[in-house]
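A.B. asks: Here our numbering is used: the first residue of the sequence shown is 1364, the next is one more, and so on.
Source of the hints: derived by calculation from the structure; they are not laboratory data. Please note that a few of the clues may not be correct.
To be verified - Here are the simulated distance ranges between beta carbons:
#: 1; residue 1: Q1550; residue 2: F1479; range: 15 to 23 Å
#: 2; residue 1: T1512; residue 2: G1534; range: 20 to 28 Å
#: 3; residue 1: D1522; residue 2: S1482; range: 49 to 57 Å
#: 4; residue 1: D1433; residue 2: D1401; range: 43 to 51 Å
#: 5; residue 1: Q1376; residue 2: E1460; range: 46 to 54 Å
#: 6; residue 1: S1398; residue 2: G1421; range: 32 to 40 Å
#: 7; residue 1: S1511; residue 2: S1398; range: 32 to 40 Å
#: 8; residue 1: N1489; residue 2: S1511; range: 25 to 33 Å
#: 9; residue 1: W1432; residue 2: S1398; range: 34 to 42 Å
#: 10; residue 1: P1400; residue 2: Q1476; range: 18 to 26 Å
#: 11; residue 1: T1435; residue 2: E1377; range: 32 to 40 Å
Virtual Cβ for every residue (Gly too), placed ideally from N, Cα, C.
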Amino acid sequence: MKFNNRGNWFIEQEEKVYWISRSVAVLPISIFVVSEPDGESVFVPLGKRGLDLPDEVGKWSLAGGYLDWDETAGEAAIRETYEELGLDLLSLRDRAESAEENGCLKFQGDMEQPYFVYSMPTLKQNVTLHFPLMFWVEELPQLCPQVSTGEVEEVRWFDLETALGSELAFGHQETIRHCLINYFGWQLD
1364 MKFNNRGNWF IEQEEKVYWI SRSVAVLPIS IFVVSEPDGE SVFVPLGKRG
1414 LDLPDEVGKW SLAGGYLDWD ETAGEAAIRE TYEELGLDLL SLRDRAESAE
1464 ENGCLKFQGD MEQPYFVYSM PTLKQNVTLH FPLMFWVEEL PQLCPQVSTG
1514 EVEEVRWFDL ETALGSELAF GHQETIRHCL INYFGWQLD
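With the sequences and hints as input, model every part of the structure.
C.D. replies: This is the structure in structure tokens:
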């Protein structure tokens, strides 16, 4: 995939690093529903945070990151998911929407406008834009991160129950729960 963004940069001065960045983060909450003969199974793709990251190293998390220069929030959500998980959200959405016309797979969500804006002035990522995205698929796509293992050490599909019961980085299990209940209208135990 080709992206037109211009990355954030830093300045080093007197052994200190100062980032010149847009301090808005995007967080695509990608949920995948697989139809099986005995019902549906729900999965969440997660990445294990690598040693080069400043926070929550070694914890599993949703894909996400800072909005770069020259890109929309939606473009950043698509880019971060591709970089950290190797998932092409646009192709998955287009495939689901074309199959939906034949009564098969479907997609629910909005890749251009966030559903929820999380604002915490005391955190580094003081504004986070949440993009709940749900895909119905015949089988789970392969995960293949495009970044170094210093950023994403490992990627894996988690079934929904395991993801919600885990202590994910930045409380992402609660973010997933919030989106399922408030955006998708699910009833959870």
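A.B. asks: For each hint, tell me whether it holds in the structure or not.
C.D. replies: Do the hints match the structure? See the list:
{"no.": "1", "hint": "Q1550 to F1479: 15 to 23 Å", "result": "holds (19 Å)"}
{"no.": "2", "hint": "T1512 to G1534: 20 to 28 Å", "result": "holds (24 Å)"}
{"no.": "3", "hint": "D1522 to S1482: 49 to 57 Å", "result": "violated (31 Å)"}
{"no.": "4", "hint": "D1433 to D1401: 43 to 51 Å", "result": "holds (47 Å)"}
{"no.": "5", "hint": "Q1376 to E1460: 46 to 54 Å", "result": "holds (49 Å)"}
{"no.": "6", "hint": "S1398 to G1421: 32 to 40 Å", "result": "holds (34 Å)"}
{"no.": "7", "hint": "S1511 to S1398: 32 to 40 Å", "result": "holds (35 Å)"}
{"no.": "8", "hint": "N1489 to S1511: 25 to 33 Å", "result": "holds (26 Å)"}
{"no.": "9", "hint": "W1432 to S1398: 34 to 42 Å", "result": "holds (40 Å)"}
{"no.": "10", "hint": "P1400 to Q1476: 18 to 26 Å", "result": "violated (36 Å)"}
{"no.": "11", "hint": "T1435 to E1377: 32 to 40 Å", "result": "holds (36 Å)"}
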